[in-house]
Structure formats: structure tokens, C-alpha cells
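*Asks:* Sequence order for the protein chains is Z and R. Just so you know, our numbering puts 182 at position 182 of the first sequence, and the rest follows in order with no gaps. Just so you know, our numbering puts 22 at position 22 of the second sequence, and the rest follows in order with no gaps.
Derived from the structure by calculation, the hints contain no laboratory data. Quick caveat: nothing in here was measured; it's all calculated off a predicted structure. Heads up, the beta-carbon is just placed ideally off N, CA and C, and yes, glycines get one too. It is possible that some hints are incorrect.
[Stated by the list, open to error] Here are the simulated distance ranges between beta carbons:
| no. | chain 1 | residue 1 | chain 2 | residue 2 | range |
| --- | --- | --- | --- | --- | --- |
| 1 | Z | LEU48 | R | SER48 | 51 to 59 Å |
| 2 | R | GLU210 | Z | PHE78 | 36 to 44 Å |
| 3 | Z | GLU208 | R | ALA41 | 20 to 28 Å |
| 4 | R | GLU3 | Z | VAL28 | 47 to 55 Å |
[Unchecked claim] Just a sample of chain R residues kept apart from chain Z, beta carbon distances all over 12 Å, derived:
| no. | residue |
| --- | --- |
| 5 | SER48 |
| 6 | ALA86 |
| 7 | LEU126 |
| 8 | PRO138 |
| 9 | LEU141 |
| 10 | ILE153 |
| 11 | GLU210 |
| 12 | PHE213 |
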Amino acid sequence: MNTPPFDLLPQLLKGAGVTLQVTGLTAVVALILSFLVAFARMAPMRLLRGAATVYVEVLRGTSAIVQLFYLFFILPAFGLSMGPLTTAVIGLGMNMSAYGSEVVRAGFTAVPRNQSEAAAALALNRVQTYRLVIIPQALVIMMPSFGNLLIELIKATSLVSLITLTELTFSGRQMVVTTGRSFQVWGLVLLIYFLMAYPLTRLVGRIERYAARFR
Amino acid sequence: MFELGFAISLIPEMLRGLWVTMIATFGGFALALLVGSLLEAGRRSGVSALQSVCNGYITFVRCTPLLVQLYFVFYVLPAYGIRFRALTTGIICLGLHIGAYIAEVYRSGIDAVGKGQWDASRSLGLPLFATWRHVIIPQALPPMLPPLGNFFIGLFKETPLLAAITVIDVFGTANAIAGRTFRYNEPYTVAALMLLAISLLAAYGQRRLERRFAKAEG
Chain Z
1 MNTPPFDLLP
11 QLLKGAGVTL
21 QVTGLTAVVA
31 LILSFLVAFA
41 RMAPMRLLRG
51 AATVYVEVLR
61 GTSAIVQLFY
71 LFFILPAFGL
81 SMGPLTTAVI
91 GLGMNMSAYG
101 SEVVRAGFTA
111 VPRNQSEAAA
121 ALALNRVQTY
131 RLVIIPQALV
141 IMMPSFGNLL
151 IELIKATSLV
161 SLITLTELTF
171 SGRQMVVTTG
181 RSFQVWGLVL
191 LIYFLMAYPL
201 TRLVGRIERY
211 AARFR
Chain R
1 MFELGFAISL
11 IPEMLRGLWV
21 TMIATFGGFA
31 LALLVGSLLE
41 AGRRSGVSAL
51 QSVCNGYITF
61 VRCTPLLVQL
71 YFVFYVLPAY
81 GIRFRALTTG
91 IICLGLHIGA
101 YIAEVYRSGI
111 DAVGKGQWDA
121 SRSLGLPLFA
131 TWRHVIIPQA
141 LPPMLPPLGN
151 FFIGLFKETP
161 LLAAITVIDV
171 FGTANAIAGR
181 TFRYNEPYTV
191 AALMLLAISL
201 LAAYGQRRLE
211 RRFAKAEG
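Could you put together the complete structure from these sequences and hints?
*Replies:* Below you can see the structure in the form of C-alpha cells.
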């Protein structure tokens with residue numbers, strides 16, 4: 001109990017590196033999927049719209065951890081087996097995209113209709129309207145929500161410790177087993193998560209103020 | 001790959017797990033409502049030390065994962081002689097975690113009540129307690145219901161994490177069955193369907209409740 005906790009740090013920081021890696025990869029996958037799903041939900045084809053709605057409702061209606069277990073333990077039985085990192089990135093990416101697609105949708109609907117009318121009056125074509133008028137405004141509206149989702153994602157990556165990926169939480173469990181110093185280990189793990197997420201919350205606050213200027 | 005008969009035979013055991021999930025959900029949410037109001041009361045107390053503690057708590061809890069908080073409470077407290085059952089630990093953690101989010105809901109709900117309402121209450125000579133009870137809270141509550149409903153459903157979806165600290169909820173039951181029979185598809189599918197059914201049902205109930213309140217507001 002009296003040993004200073006510094007000897008635990010190298011292993012935990014290595015885990016934190018994996019956490020950041022998973023967060024970064026997942027964020028990219030989730031961002032791309034978010035836009036695809038949002039466009040599918042706004043598409044004129046009914047079948048596509050329906051499929052996207054089911055995707056969002058199912059992923060938001062069940063827990064991320066259940067979805068990860070599904071990918072990790074059940075897909076291999078159907079001959080599709082992925083490593084823990086791939087499973088983590090795909091599983092969390094799909095889960096986050098269900099929330100992200102709603103952000104995208106809300107962002108596009110929040111751009112006032114008269115903006116596209118004005119673009120039409122200026123004789124901009126469809127692509128120009130989207131590229132120069134709609135998308136820039138929608139992106140600014142989406143940014144704070146995406147920032148919040150990123151914070152949620154950092155915390156959600158702790159779940160992938162349960163599918164054997166050696167990230168921060170998993171390293172913590174290993175260190176508890178080998179050293180038995182559970183207070184120091186879990187205290188440090190909490191602290192490291194905090195140090196990763198807190199600066200982001202400040203950043204999101206700034207982005208919110210920036211975005212508010214365009215209202 | 002998926003045997004319907006086997007899946008159906010699991011339902012009674014899974015329902016017992018689901019019952020534990022519901023206990024954790026309702027217990028955790030009740031505690032979260034309480035923790036949230038204590039935190040919000042602390043932030044409005046005017047005592048600056050208490051305000052900093054409450055703000056610090058909320059920031060820290062919101063910036064760290066629930067799973068690690070569960071591990072911290074579950075594995076650290078017993079070392080200091082404090083022992084709870086796993087389910088009790090889970091409910092306490094859920095309450096402490098979601099309470100930090102609910103404090104924010106309370107805050108924005110209360111802040112949304114116009115300043116003129118406070119002034120009017122004071123000019124009517126209403127005491128502080130009566131102001132809260134008859135003027136502020138009745139107006140602050142309806143706008144809080146949608147976000148509170150979201151956090152209730154969110155908390156419900158967090159409960160499978162309790163399986164990580166040995167609670168036999170619906171997900172813990174699925175884990176146990178999978179470990180015993182080496183069949184993963186059926187137990188996890190049944191667990192996922194149960195979770196999905198309840199969260200869709202809860203979302204439907206929430207929409208109806210909101211509509212009723214919207215009507216009552218006129």
C-alpha cells in the first residue's frame with residue numbers, strides 16, 4: 001500500500017496509447033458511417049430509408065457491450081472471425097454511427113430552407129448549393145455534437161477490454177492481478193481517462209462558442 | 001447455427017436475469033434522481049467550497065467510464081472493510097454516475113424558468129420554500145421530462161456492464177449460459193432481443209408521456 005504508484009505507469013500508459021488508437025480509428029469509421037446512414041435515412045428510396053431506420057433503432061436500442069460480444073463471439077461461428085482490434089473498431093464504430101447519423105440529420109435539417117431558395121435565386125446548381133451553402137453551415141452546427149460523441153467514445157472504448165483488447169482498462173485489470181494494488185491501479189486508470197477526456201470537454205466548449213457565432 | 005428450441009428453453013432463466021436488470025435500472029435511476037438533486041442543491045447553496053466540490057464531482061464522473069468506476073468501487077472498497085453485494089454496488093455506481101448527468105438536467109430546467117417568476121413570487125411575499133414548491137418546480141418539471149426519460153433508457157442500456165462485477169443480470173445470465181454450454185448465438189440473441197424490446201417500449205412510453213404533457217401545457 002505504501003509503494004508509490006509510479007512503477008504502474010509505464011504499463012498503464014501503454015494501455016492508454018491503445019485506447020487513443022482505438023478512439024482515433026473508431027472515430028474515422030463512425031464519422032464515415034454516420035454520413036452514409038444519415039443520407040440513407042434522407043434518401044427518396046423507401047426501402048433504403050427503412051433499412052437505415054432499423055439500423056439506427058437496433059443499434060441505439062441495445063447496449064454497445066452486447067453488440068461487441070455479438071461480433072466477437074457469434075460471428076466466428078458463421079466463419080467470420082476478426083481480431084479484437086478490428087472487432088472493437090467496427091463494433092464501436094457502428095454503435096457510434098447510430099448516434100452520429102442523428103447528429104448529421106439534425107445538422108442538415110437545422111439549415112433554414114430559405115438558404116437553398118437563396119442559392120437557387122443566385123442560379124447555383126445542386127452541387128454548388130450543397131458545397132458552398134448547405135454543407136458549410138450544417139458542419140458548423142454538427143461540430144459540438146460530434147465533439148460530445150468523441151468524449152463518449154473515449155469512455156466507451158473501456159468496453160473493448162471485455163473482448164480482450166489490451167487497452168487502458170484491460171491493462172488495469174492485468175496490473176491488479178499481478179500487483180494486487182487495486183486502489184492505486186483503478187485510481188490511476190480513472191485519472192488517465194480523466195486527463196484524456198477533460199481537455200476535450202474544454203475544446204468542445206470552445207467549439208460551441210465558435211459555432212454559436214454563426215447562428 | 002441458431003436453434004430456436006434451445007433459445008426458447010433459455011427464456012425462463014433469462015427472464016430471471018431480466019428481473020435483476022430491472023431492479024438495477026429502477027434502483028439506479030431512483031438513486032440518480034436523488035444524487036442529482038443533492039448535487040444541484042449543493043451547486044445552488046451559495047457555499048463556494050460546496051459548489052466547487054459538486055462541480056468537480058460532476059466533471060470527474062462525466063469524464064471517466066462507468067466500467068472503471070464500477071471496478072474502482074467493487075474492488076477497492078472491500079479493502080477498507082466496506083462490503084456490499086455486487087448488485088448493491090452496481091446500483092450505487094449507476095446512481096452516482098447518472099446522477100452527475102441528471103444534475104445538469106435539473107440545472108437547465110430550473111434556469112429555463114423566467115427570472116420574472118422569482119421576482120413575482122417575492123413581490124407576492126411567498127416564502128422561499130413555497131416559491132420552489134408552487135412556482136418554480138411545476139414550471140421546471142415538464143421540460144425536464146424528455147431528457148430524464150432519455151437518461152432512464154440510457155441507464156437501462158448501461159446495466160449489462162454490471163455483469164463485469166459479477167451481477168447476474170440478463171447479460172450476466174447470457175455469459176453464464178455461454179460459458180456452460182459453449183453456445184453463444186442463442187443466449188446473446190435472446191439477451192439482445194429482451195434489451196431491444198424493453199428500450200423500444202420505454203421509448204414509446206416516453207413519447208406518449210411527452211405528448212400528454214405537451215397537451216396539458218396547451
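*Asks:* Does each hint hold? Answer for all of them.
*Replies:* Status of each hint after checking the structure:
{"no.": "1", "hint": "Z:LEU48 / R:SER48: 51 to 59 Å", "result": "55 Å, holds"}
{"no.": "2", "hint": "R:GLU210 / Z:PHE78: 36 to 44 Å", "result": "40 Å, holds"}
{"no.": "3", "hint": "Z:GLU208 / R:ALA41: 20 to 28 Å", "result": "26 Å, holds"}
{"no.": "4", "hint": "R:GLU3 / Z:VAL28: 47 to 55 Å", "result": "38 Å, violated"}
{"no.": "5", "hint": "SER48", "result": "21 Å, holds"}
{"no.": "6", "hint": "ALA86", "result": "16 Å, holds"}
{"no.": "7", "hint": "LEU126", "result": "35 Å, holds"}
{"no.": "8", "hint": "PRO138", "result": "30 Å, holds"}
{"no.": "9", "hint": "LEU141", "result": "25 Å, holds"}
{"no.": "10", "hint": "ILE153", "result": "9 Å, violated"}
{"no.": "11", "hint": "GLU210", "result": "17 Å, holds"}
{"no.": "12", "hint": "PHE213", "result": "22 Å, holds"}
The structure fails hints 4 and 10 (numbered hints given earlier, in ascending order).
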